[in-house]
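There are 2 protein chains.
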Amino acid sequence: MKQLVTNATLLTFAGPDEPRAGAAASNVGLIRQGAVLMDEGVIVAAGPADKVLAHPDSRKGRVHDAGGRVVMPGFVDAHTHPAFAEPRLRDFELRAQGKTYQEIAAAGGGIISSVSALRGTTERDLTVLLQERAARFIECGTTTIEAKSGYGLDKDSELKSLRALKHLGAGGMLGVVPTFLGPHAVPPEYQGRTGEYARFMAREVLPVVAEEKLALYADVFCERGYFGAAECTDFLQAARAAGLGLRVHAEQLTHSGGAKLAARLKACTADHLDHADDDDLGALKAAGTVACLVPGSNHFLGLGSMPPARRILDAGVPVALATDFNPGTCPCWNMQEILAIAVTRMKMSPEEALVSATVNGAWAAGLGKTHGVLAVGQAADLVIYDCEDYRELCYWFGKNLAVTVFKAGKVVHSTAELRV
Amino acid sequence: MKQLVTNATLLTFAGPDEPRAGAAASNVGLIRQGAVLMDEGVIVAAGPADKVLAHPDSRKGRVHDAGGRVVMPGFVDAHTHPAFAEPRLRDFELRAQGKTYQEIAAAGGGIISSVSALRGTTERDLTVLLQERAARFIECGTTTIEAKSGYGLDKDSELKSLRALKHLGAGGMLGVVPTFLGPHAVPPEYQGRTGEYARFMAREVLPVVAEEKLALYADVFCERGYFGAAECTDFLQAARAAGLGLRVHAEQLTHSGGAKLAARLKACTADHLDHADDDDLGALKAAGTVACLVPGSNHFLGLGSMPPARRILDAGVPVALATDFNPGTCPCWNMQEILAIAVTRMKMSPEEALVSATVNGAWAAGLGKTHGVLAVGQAADLVIYDCEDYRELCYWFGKNLAVTVFKAGKVVHSTAELRV
Chain A
691 MKQLVTNATL
701 LTFAGPDEPR
711 AGAAASNVGL
721 IRQGAVLMDE
731 GVIVAAGPAD
741 KVLAHPDSRK
751 GRVHDAGGRV
761 VMPGFVDAHT
771 HPAFAEPRLR
781 DFELRAQGKT
791 YQEIAAAGGG
801 IISSVSALRG
811 TTERDLTVLL
821 QERAARFIEC
831 GTTTIEAKSG
841 YGLDKDSELK
851 SLRALKHLGA
861 GGMLGVVPTF
871 LGPHAVPPEY
881 QGRTGEYARF
891 MAREVLPVVA
901 EEKLALYADV
911 FCERGYFGAA
921 ECTDFLQAAR
931 AAGLGLRVHA
941 EQLTHSGGAK
951 LAARLKACTA
961 DHLDHADDDD
971 LGALKAAGTV
981 ACLVPGSNHF
991 LGLGSMPPAR
1001 RILDAGVPVA
1011 LATDFNPGTC
1021 PCWNMQEILA
1031 IAVTRMKMSP
1041 EEALVSATVN
1051 GAWAAGLGKT
1061 HGVLAVGQAA
1071 DLVIYDCEDY
1081 RELCYWFGKN
1091 LAVTVFKAGK
1101 VVHSTAELRV
Chain B
691 MKQLVTNATL
701 LTFAGPDEPR
711 AGAAASNVGL
721 IRQGAVLMDE
731 GVIVAAGPAD
741 KVLAHPDSRK
751 GRVHDAGGRV
761 VMPGFVDAHT
771 HPAFAEPRLR
781 DFELRAQGKT
791 YQEIAAAGGG
801 IISSVSALRG
811 TTERDLTVLL
821 QERAARFIEC
831 GTTTIEAKSG
841 YGLDKDSELK
851 SLRALKHLGA
861 GGMLGVVPTF
871 LGPHAVPPEY
881 QGRTGEYARF
891 MAREVLPVVA
901 EEKLALYADV
911 FCERGYFGAA
921 ECTDFLQAAR
931 AAGLGLRVHA
941 EQLTHSGGAK
951 LAARLKACTA
961 DHLDHADDDD
971 LGALKAAGTV
981 ACLVPGSNHF
991 LGLGSMPPAR
1001 RILDAGVPVA
1011 LATDFNPGTC
1021 PCWNMQEILA
1031 IAVTRMKMSP
1041 EEALVSATVN
1051 GAWAAGLGKT
1061 HGVLAVGQAA
1071 DLVIYDCEDY
1081 RELCYWFGKN
1091 LAVTVFKAGK
1101 VVHSTAELRV
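If you read the sequences in order, they're chains A and B. With the working numbering, the residue at position 264 of the first sequence is 954, and numbering never jumps. With the working numbering, the residue at position 18 of the second sequence is 708, and numbering never jumps.
By construction, these hints were calculated from the structure, which means they are not laboratory data. None of the values given here were measured: they were computed from a predicted structure. Do not rely on the hints blindly, as some may be mistaken.
Put simply, identical chains are the same to the list, so a pair is met inside one copy or across any two.
Capping the alpha-carbon separation at 20 Å, the derived lysine to any residue pairs in SDA-like fashion look like this [what the hints assert, rightly or not]:
1) LYS750 - GLY788
2) LYS845 - GLN723
3) LYS1037 - SER995
4) LYS1037 - GLY994
5) LYS741 - TYR791
6) LYS1100 - LEU819
7) LYS1037 - ASP755
8) LYS1059 - ASP964
9) LYS956 - GLN792
10) LYS1037 - LEU993
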């Protein structure tokens, strides 16, 4: 069905066909009195309402009067770990009591507790959990997520996670870009044999992932005490040879070489980057790698520090913002919350934050040519928000202003009515 | 109409008839398989479902099957400034650019910009704004707010603010405890004449507030550069003589004597307390004054520090959590967000946070004998949340899990359906 959104304060993010850096990182493409016409899952007209209404099909569709509200592309959340079985409530309590990561792990918590729970969950049950979580993402204005495996850490459980993500994506309500994150942590049965575990993932699991087309990307946790640069390189090169794109968890806890590795392999994204130095940023810029920042995890862990967004922007590296949705360090599915954290704690401008959450998010998810921008031929993924000034999306916090969410031209969420 | 909520994971907060401190500050009164029966605006039975279902009226009402979900008292948000005309989006941007409070004020921002906007808004328009904001509070599970004037700073505008709050409260959807905060800042026309302004508020405005019963409380901003202890004392003593209860903005920016002042006058609350010392806490404890903490403003301002919740709790002072909802330093209406900040950044336990947001919030709003607890004879203000473990209310952040909200026994908000 054709759908027409009129009377919109439109943010198109129209611009060069590349991740936005430098001055372009602040350009939201604002059109007051804008409109968007959708058909067959794509945008057939977008721009000033008088021009869109001149389109011959503009009178044939269902009309959504935005009443002057903000309309913009759905968020593309380019870093999530949704394939988990249970929230980690006990860890959360222990952390509030001042317990360290080591003490929490010793008490049976940490990532290994998620691994144990995930292994005990069926593909069917995991799919249902993912569908419930997807509804949360959608109602907050996210229309696509990059979604990682990585709580299975054995062949069957990693494949189960990716298959469940495939079922989720097949539903069509929420776009899913699946990522194989076998080297997320070393499971107990491989303790002390990190290299062997990474090789097992590359030789035994990756071929099945590729054969069944279960993932578009491969990712690694490059960090001291987890996977070193050499192990990560071997795994990622195997992934590239198998046809997957690359991502790297880089410089989160320490300066460990992940950013330079990502640049050397021309990975799509380097993620976290809390400890990235200027050399790292130069390498990322030269490689065209997107810096995917996830400040929600710093917030949830109560850290005093944040990823160095300003330094990264000033270096001319394109920035994507993502939730890092996961049960241990960031139980947040709401990109509007990440926008607020980005401005209040990373000192991004509202415009930079919005570009990072849409068009740059799309590039960070490998969808830059088709998503994240409201322009003819692009995916009809867009959201009407209950505000007339786009800065409000970053200003109010702990909130959800999404009122109507379109995915591929279909309404996938709507509050009861628009109060026009 | 009678209403029955069954199949609930019930948090009653039943306990001693006083603000909770010490061990009682952690007691949520959990009842699995609980139920609540409401009639005529109050609770007529609450407890284990089998006992509640034995009540003769239990079959006569509308039944809400909570499906095992958490059911607890509505939040009582005991510190809000909702009577403003406009969000301060420009200040927000400038702060992200690293501008100081002084630079923002020089650019035409800061509280004086809110004063100017409020003075130019009619009582009717302000009432509509308050109603829209009330809907946001309600949908997030807040059933009562303490609400301050304080952006008028002249006689007509302060009275206009309080009258608009009275209209809001009369609607019955959201409980409103109005507070007269004339000495919030010194308006431009009284610059350099702080004492004269405070006396004007006490002698010319307060009598009308009292006469028209426009406020239940009086509040002052006790701070260096704002109102000193002597000025605050004079104003608050006049307010007490006029029949109002007392509250004090204390020790927010510097250690200025507000906490001891609150204790000496046996104020209902001392609010903020970022810089309170152990002597202050001893005085508050002895006075029975509730420490009302508003960490959302620290978060929004990007401060590294938080109110010293653990030290306050350890001193045996009862703690209430509130939003501080206001356009300058905390544009957040969602108490669930404050719970998350309280645990992640102030290291409160989930139980302490929940007690602080309900029963202690009620005491901090002067409603401790009738609100904040699910027990026979108490106000039927309660909320069904879409989680089965109450810790989830603090754990997920940037979210709203409220599905059905009852105010005085009536449904005032409900999502489309419960997914049982």
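Inset, instruction - Could you tell me which of the numbered hints above are not met by this structure, giving the numbers in increasing order? - result: 1, 2, 5, 6, 7, 8 and 9
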